[in-house]
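Engineer: Please build the complex by placing chain B on the supplied structure of chain A, with the hints as guidance.
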Amino acid sequence: MNTTSETLGVTALLLLFGILALYGGVPWLAWLIPAAIVVWLTASARCQSRRDIIDARVHNRSVGR
Amino acid sequence: MNAAATSLSNPPIERTIAHTLTIYLKEAKYEFLKNLRLRVYTASVISFPLMFYVLFGLVLNSKETIGSTSVPTYLIATYGTFGVMGASLFGTASGLAADRGLGWLQVKRASPMPPFAYFVAKVILSMIFSTIVVTLLFILGFTFGGVRMPLPEIARLLGTLVAGSLPFSALGLAIGYFAGPQSAPGVINLIYLPMSFCSGLWVPYMFLPKVVRQIALALPPYHLSQLALGVVGAGNHDPAATHWEVLLAFTLICLGLARIGFQRDQGKLYG
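As they're listed, the protein sequences go chains A and B. Mapping of the first sequence onto the working numbering: position 7 corresponds to residue 7, and the numbering continues sequentially without gaps. Counting from 1 along the second sequence, just add 1000 to a position and that's the residue number in the working numbering.
Among the hints, a few may not be true.
[Stated by the list, open to error] Lysine to any residue pairs mimicking SDA-like chemistry, simulated, CA-CA at most 20 Å apart:
| no. | chain 1 | residue 1 | chain 2 | residue 2 |
| --- | --- | --- | --- | --- |
| 1 | B | Lys1268 | A | Val26 |
| 2 | B | Lys1210 | A | Ile53 |
| 3 | B | Lys1034 | B | Val1120 |
[Said to hold, decoys possible] Rough simulated footprint, nothing fancy, chain A against chain B, three-plus residues with beta-carbon under 8 Å:
| no. | stretch |
| --- | --- |
| 4 | 1204 to 1217 |
| 5 | 1228 to 1242 |
| 6 | 1251 to 1258 |
[Said to hold, decoys possible] If you anchor each label on the Cβ, the simulated ranges turn out as follows:
| no. | chain 1 | residue 1 | chain 2 | residue 2 | range |
| --- | --- | --- | --- | --- | --- |
| 7 | B | Pro1194 | A | Ile54 | 22 to 28 Å |
| 8 | B | Pro1150 | A | Leu16 | 33 to 39 Å |
| 9 | B | Pro1150 | A | Arg57 | 30 to 36 Å |
| 10 | B | Tyr1030 | A | Ile53 | 47 to 53 Å |
Rather than coming from a laboratory, the hints here were simulated on the basis of the structure. Just so it is clear, CB atoms sit at the ideal spot from N, CA and C, and this is done for glycine as well.
Isolated chain A, as found in the complex (with noise of 0.2 Å):
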């Protein structure tokens, strides 16, 4: 599954709780939560990967200079 797939199901998950949590009330909120802090930590995750990626080229670039 690419990244934009991915977050389209995320996306579509989170804003599914969001409305259960709005019409449902305060139970769908324990759902609603820690999904939602589980998607911001993966995604902060993933940045950071990819930034370590791109300093490790700069590195590698850097010494071979």
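Structural biologist: Leaving out everything else, chain B in the frame of chain A:
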């Protein structure tokens, strides 16, 4: 007995869509006017990003570039994010905390206004002030900083930043429900200023210390600023979808917390 119970119960109010829309618009209009008349709010929310922009973008570094982007253009995106954050946080959190403290929410609750209208008005207010801040930054950049951007790019940047006020309005609602009227501005500053610095809104992301750069990746303002920088061609080339994903997750967490605060208040007032 039954007739008495029926007359005392709270029957749902039947309204047409047009009538409901009018209530929402009027609430938003008067929320805007109320905040426009609060000189402290207007002056601080609008003048801080402009002041920083003039100092760092126009006076000190107007001829410099960051990558291939000129500093005045780069700083429209970052100080735009800073301005949007301030307008949203102070507009929602301070107002909500003060209204809760003064009992104004109970008065509103007793009126036939839909409860949701109050929150929608706060969000619209944040968006209007965000638009004002970003537009003034554009005017300064175009007039004194030599910023040149095609119209579609301006519209995209403005749209991105104004849409980015939603997560911070949601954070403002959560703070407004858990902070007292006196402590709300302090709590906001405690979150707003460190978050802005760590997200690379004052000092560009690549010049931050490594530890701070790692922290930035988890912070919502970083993701909004990267979306804005992506529009002017100075982003970190992460997929925009990932940034939106973080902002959406953050918005829902804050709305969830605000909902818990709302329920807590309701429980205290009505049992």
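Engineer: With reference to the structure, classify each hint as holding or not holding.
Structural biologist: Going down the list of hints, with the structure as the test:
Straight-line distance between C-alpha atoms of B/Lys1268 and A/Val26 comes to about 16 Å, which keeps the hinted pair within the 20 Å bound. A hinted pair counts as satisfied when its Cα atoms are at most 20 Å apart, and B/Lys1210 with A/Ile53 qualifies at roughly 15 Å. Between the alpha carbons of B/Lys1034 and B/Val1120 the distance comes to roughly 15 Å, so the proposed pair stays at or under 20 Å and holds. Counting residues of the stretch 1204 to 1217 of chain B whose CB lies closer than 8 Å to any CB of chain A gives 3, which reaches the minimum of 3, so the coverage claim holds.
Check on the stretch 1228 to 1242 of chain B: 5 of its residues sit with their Cβ under 8 Å from a Cβ of chain A, so the three-residue criterion for coverage holds. With a threshold of 8 Å between beta carbons, the proposed coverage of the stretch 1251 to 1258 of chain B by chain A holds, since 5 of its residues qualify and at least three are required. Taken as a hint, the range 22 to 28 Å holds for the pair B/Pro1194 and A/Ile54, whose Cβ atoms sit roughly 25 Å apart. Evaluation of the 33 to 39 Å hint for B/Pro1150 and A/Leu16 yields a pass: the beta carbon distance comes to about 38 Å.
Taking 30 to 36 Å as the suggested C-beta distance range, the pair B/Pro1150 and A/Arg57 conforms, at roughly 32 Å. Between B/Tyr1030 and A/Ile53, the C-beta spacing of about 51 Å keeps the proposed range 47 to 53 Å intact.
Figure legend: structure checked against the earlier numbered hints; every hint is met.
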